[in-house]
Structures are given as C-alpha cells and as structure tokens.
Amino acid sequence: MTFGVVGLSFRTAPLQLRERLAFAAEEVAPALRELCAEPSVAEAMLLSTCNRVEFYLVSEAPSRAEQAVRELFSRQRRVAADELDAGLYCLWGSEALSHIFRVTASLDAMVVGEAQIMGQVKQAVARARECGAVGSRLGRCMERSFAISKRVRTETEIARHPASISSVAVDLAGRIFADLVDLKVLVVGAGEMAELAVTHLVAQGATRIRVANRSVERAQELARRLGGEAVGLETLAQQLEWADMVISSTGSPQPLIDRQLLAQVMRQRRPRSLLLVDIAVPRDVDPKARSLPNLYLFDVDDLEQALAANLQARRREAKVAERIVEGEVEGFDSWLRHQDVVPLIKQLRAQFTAVVIGEAQRAARQLQLDREDQRVALDRLANAIVNKLLHSPTSALKQYAGAANGVPLATATRQLFGLPEPALGEPGDPLAADPLPAEEPTVAAVDREERE
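When we follow our numbering, the leftmost residue of the sequence shown carries the number 1, and every step to the right adds one.
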C-alpha cells in the first residue's frame, strides 16, 4: 500500500478548468463512495477549494487508481481526457506525502502561510470519514499533517507577516494603537477592500464602527454587515474628529479629504493621533496631509510596499518550513516501512512457532514426558529454537525496513516462506485496532487444546 495524490491546482490549471472540476459539499460523499468502490482504491479523501481539486489516496495499484480518478472526472464533470491531462498531476510515495504535508502547512498556497487551508483540509477529512472513505493509514497521515502544520507555525514566523492589503492595514493599526477593542473606525465609501479591512479589525475585537457613504442605503447595508452605524457624508468633518482610524475607498475622481480639512480636524482633536488608510484609486486623501503632526497617512503604494516586504519575509520563512516538511516526510516514510514489517515478523514467528511446537508436542508424547517440569523445559527449548532461527531474519528485516531496499526484502521473505499479505484492517495489518496476541503458544497449551 502506498499514498498517492491525483489532482490539479492553480499551478497547473486555469480557473476555468478548476471551476468545472470543483465539487460542492454535497457532491463529495457520492464521489468518494464511487471511487472507493474501485478495487485499486483502499482509502480516499477529496480536497476541493478555489485553488485546487485533489484526491488523496491509499492504493496498492497506483496506475489503476490514477485511471479511476480520471474516469471519475470524465463521468461526473464531462472533461475531455486531453484537457484533463494537461493540468493533472499524479504523485506517489514520498512525493505524495511531501505534497500533502506542504498543502496542509500552507507552503503550496497561492499566498504562502495563509491560515484558511488548514480548516479546509480538516473539513475534507471530516467529510471523508463520515462516508467511510478514510481508514487507518490515510487518517494517520492526515493527523500527522496537522501536527506538521502546527509545528511550522510555531517554529517559523511564516504566519506573522500580513499577506494582504487588508491585513496590512490592520497591522498598521496594531502598531499605532495599543488597544483595537476601543478603536473608533470610520469607513468612508462602501468598497470591497474597505469592508474586508474592517472585517479584519472586527475579528481583532473592534466594535465602534461608522460608515459614511454618498448612498445612504449602501452605508446602512455595510454598517449592518459590520455591526456598526451609518452616518451622512455631509458630516465628514465631525466624523474625522471622532475617529481614531479612517479607511477610505470611495472611487471619487478628486480627493475627498483635503489637507485644509485635515488641518482643521487635527487642531480640534489635538493631541490624539489619526490613522488614515487610503485604499482608493484615485486617492481619496490629499497626500500633502502627510506633513500634519500626529497624522499617519498610508495609500495603496505604501501598503503594496509593506505587503511586498511581508511576502519576501514569508518566502524566507518558507525555506525553513520546507526543511521541517522534508524531515517529517523522511521520518513518516521510514515509520510506514517499519510498520509494514511488523505483521511480517509476526507471521514469520507464528509459522515457525507452530512448526516447532507441533514437533515438540509429538516428541513429548513419544517420550511420555508428562511431568510439568519436563513440559516447561520443552517449552523453553522450543522457544529457544524459534528465537535462534529467526534472530538473523528478523534483525535484517528491522534494520532495512526504513530503507528503500526494505520493501523488496520483505516481499522476498513472504515469497520464501509462503506468507500472505495481510488485508488492510485485519489483525496482521500494522495499523489495525487489534494486533496479534503477544503471547506465544506453549507445548502444554497445544496439548490441552488437542485433548479438549
């Protein structure tokens, strides 16, 4: 069994194709049930966002599993094979693990370090669990990916640098004002960017919000969404005196807030500082107002420069995060190979023990060894024989399990001793809930069973 990723993302496919292949929430379970009905697919989950549509798989037949995903896309989304193949990628083994870990840790995101992907992946896992598509292996993999994501965020500063215009504006407010909870925010205009910035402020605890706009209806609508109040644009001077922070985005062809107005306002509010974030193009605030004392003015260019610096800082931190993921992939891959050897060693030991105990029991009957001390001695002899015979084979299997040649060695061992592959979830499976019993059978126990 190996892990796989089959899908496409913003890196390989245009939005038009991603839109056609995307799955709504109610479509996920039927798609996963259909896919898991294929014999080549043991486990599966589907991550469908605006930036990617990916199936995470566990399979012992990768090529057949890939074809099953292609056919699913073709049946359910009516996408031609050549169009799909142009953007489709298929990753297996360590490459698949690396991709899953990088996606969950937001290293493969359009904006590196953004936090939204973690919630999306968790939701995808939950949906797959609900329909029975996620088993022990994929479940263990995804739990590890969440732990890695947490590690990346705690051991690097990848998420500490605002990565959008709106979040940069909030960061500026946090630098100038000690407490955002009591911050008085004035929104001038009803633009999308202004609303997004104030939404970020609300998430940080801001509650005192006013919206001024030429259209009273739009001002009231935006104020309702933000939990604030609408005010008339004709009261702009009074609102500027009231506010601690102004976010302006009106689309006016001429500056709406000139230096003269701001000079008057600053005299009235002395010595309180005023932060103006002008995200309008053309600008709403006269740039000459920068010279006024206690006034902090930032326009789109200022925010873009701060954003560029933040993104560069995130890219630096991403390099550190990539090394974390690389080490985790190696460790998880090695752990998986070790786990694959566990049922093999148990099977091998069970087979040898059965043979030795059987022969010892036959010898005990022939020699009429009925005393308890004789049977105890025979048990010790039988176990010693098994241990000596299996010492070298089990040591080699454990030693090479984590290496690349561990898989062919395990396969050869099964073939040499006629041991079957344990089915996923059966007692021989290393990730099954109920492992094989640890106790070895004894001569006395076997003898009792036969007499009964």
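Incorrect hints may appear among the rest.
Only pairs whose alpha carbons sit at most 20 Å apart, straight line, appear in this in silico EDC-like list of lysine to aspartate or glutamate [said to hold, decoys possible]:
#1 Lys319 <-> Glu66
#2 Lys150 <-> Glu130
#3 Lys150 <-> Glu322
#4 Lys288 <-> Glu241
#5 Lys388 <-> Glu372
#6 Lys150 <-> Asp373
#7 Lys122 <-> Glu195
#8 Lys184 <-> Glu241
#9 Lys150 <-> Asp108
#10 Lys150 <-> Glu330
#11 Lys150 <-> Glu421
#12 Lys184 <-> Glu195
#13 Lys388 <-> Glu421
#14 Lys398 <-> Asp333
#15 Lys288 <-> Asp302
#16 Lys346 <-> Glu330
#17 Lys319 <-> Asp302
#18 Lys319 <-> Glu26
#19 Lys122 <-> Glu241
#20 Lys288 <-> Asp299
#21 Lys346 <-> Glu241
#22 Lys398 <-> Glu421
#23 Lys150 <-> Glu114
#24 Lys319 <-> Glu195
#25 Lys346 <-> Asp379
#26 Lys319 <-> Glu114
#27 Lys122 <-> Glu143
#28 Lys184 <-> Glu155
#29 Lys184 <-> Glu114
#30 Lys398 <-> Glu330
#31 Lys319 <-> Glu155
#32 Lys288 <-> Asp258
#33 Lys184 <-> Asp244
These aren't lab readings, by the way, just hints derived from the structure by calculation.
Predicted model, so just to flag it, every value in this text is computed and none were measured.
Hints versus structure:
Pair hint lysine 319 plus glutamate 66 does not hold up; C-alpha atoms about 31 Å apart against a cutoff of 20 Å. Distance restraint check for lysine 150 and glutamate 130: the Cα-Cα separation of roughly 24 Å exceeds the 20 Å cut-off, and the hinted pair is therefore not satisfied. With a C-alpha separation of about 14 Å, the suggested pair lysine 150 and glutamate 322 falls inside the 20 Å cut-off, and the hint holds. Restraint check: the Cα-Cα separation between lysine 288 and glutamate 241 comes to about 19 Å, which is no more than 20 Å; the hinted pair holds.
Taking the CA atoms of lysine 388 and glutamate 372, the gap is near 24 Å; set against the 20 Å cutoff, the hint is violated. Between lysine 150 and aspartate 373, the direct Cα distance comes to roughly 58 Å. Violation of the 20 Å bound is thereby established for this hinted pair. Under the criterion of a C-alpha separation no larger than 20 Å, the hint pairing lysine 122 with glutamate 195 is inconsistent with the structure, at around 28 Å. Restraint check for lysine 184 and glutamate 241: satisfied, since their Cα atoms lie roughly 10 Å apart, inside the 20 Å limit.
Between lysine 150 and aspartate 108 the alpha-carbon distance is near 16 Å, which keeps this suggested pair within the 20 Å criterion. Taking the CA atoms of lysine 150 and glutamate 330, the gap is near 18 Å; set against the 20 Å cutoff, the hint holds. Between the alpha carbons of lysine 150 and glutamate 421 the distance comes to roughly 35 Å, so the proposed pair goes past 20 Å and is violated. A distance of roughly 15 Å separates the Cα atoms of lysine 184 and glutamate 195; the hinted pair therefore holds under the 20 Å criterion.
A distance of roughly 25 Å separates the Cα atoms of lysine 388 and glutamate 421; the hinted pair therefore is violated under the 20 Å criterion. As the CA atoms of lysine 398 and aspartate 333 are separated by approximately 14 Å, the hinted pair is consistent with the 20 Å bound. At roughly 15 Å between alpha-carbon atoms, lysine 288 and aspartate 302 fall within 20 Å of each other, so this suggested pair holds. Restraint check for lysine 346 and glutamate 330: not satisfied, since their Cα atoms lie roughly 25 Å apart, outside the 20 Å limit.
Distance hint between lysine 319 and aspartate 302 is unfulfilled; the C-alpha atoms sit about 27 Å from each other, more than 20 Å. Straight-line distance between C-alpha atoms of lysine 319 and glutamate 26 comes to about 37 Å, which puts the hinted pair past the 20 Å bound. Distance hint between lysine 122 and glutamate 241 is unfulfilled; the C-alpha atoms sit about 46 Å from each other, more than 20 Å. For the suggested pair lysine 288 and aspartate 299, the alpha carbons sit about 12 Å apart, so the restraint of at most 20 Å is met.
A distance of roughly 78 Å separates the Cα atoms of lysine 346 and glutamate 241; the hinted pair therefore is violated under the 20 Å criterion. Taking the CA atoms of lysine 398 and glutamate 421, the gap is about 18 Å. The hint holds against a cut of 20 Å. Note on lysine 150 and glutamate 114: the hinted pairing holds, with a Cα-Cα distance of about 13 Å set against a maximum of 20 Å. For the hint pairing lysine 319 with glutamate 195, the CA-to-CA distance comes to about 33 Å; that exceeds 20 Å, so the pair is violated.
With a C-alpha separation of about 19 Å, the suggested pair lysine 346 and aspartate 379 falls inside the 20 Å cut-off, and the hint holds. A distance of roughly 15 Å separates the Cα atoms of lysine 319 and glutamate 114; the hinted pair therefore holds under the 20 Å criterion. Under the criterion of a C-alpha separation no larger than 20 Å, the hint pairing lysine 122 with glutamate 143 is consistent with the structure, at around 9 Å. For the proposed pair lysine 184 and glutamate 155, the alpha carbon gap of about 35 Å is over 20 Å, so the pair is violated.
The hinted pair formed by lysine 184 and glutamate 114 fails the criterion: a straight-line CA distance of about 28 Å is larger than 20 Å. Between lysine 398 and glutamate 330 the CA atoms are separated by roughly 17 Å; this keeps the pair inside 20 Å, and the hint holds. For the suggested pair lysine 319 and glutamate 155, the alpha carbons sit about 12 Å apart, so the restraint of at most 20 Å is met. At most 20 Å may separate the alpha-carbon atoms for a hinted pair to count; lysine 288 and aspartate 258 meet this at roughly 8 Å.
A hinted pair counts as satisfied when its Cα atoms are at most 20 Å apart, and lysine 184 with aspartate 244 qualifies at roughly 5 Å.
Checked against the numbered hints above, the structure breaks hints 1, 2, 5, 6, 7, 11, 13, 16, 17, 18, 19, 21, 24, 28 and 29 and satisfies the rest.
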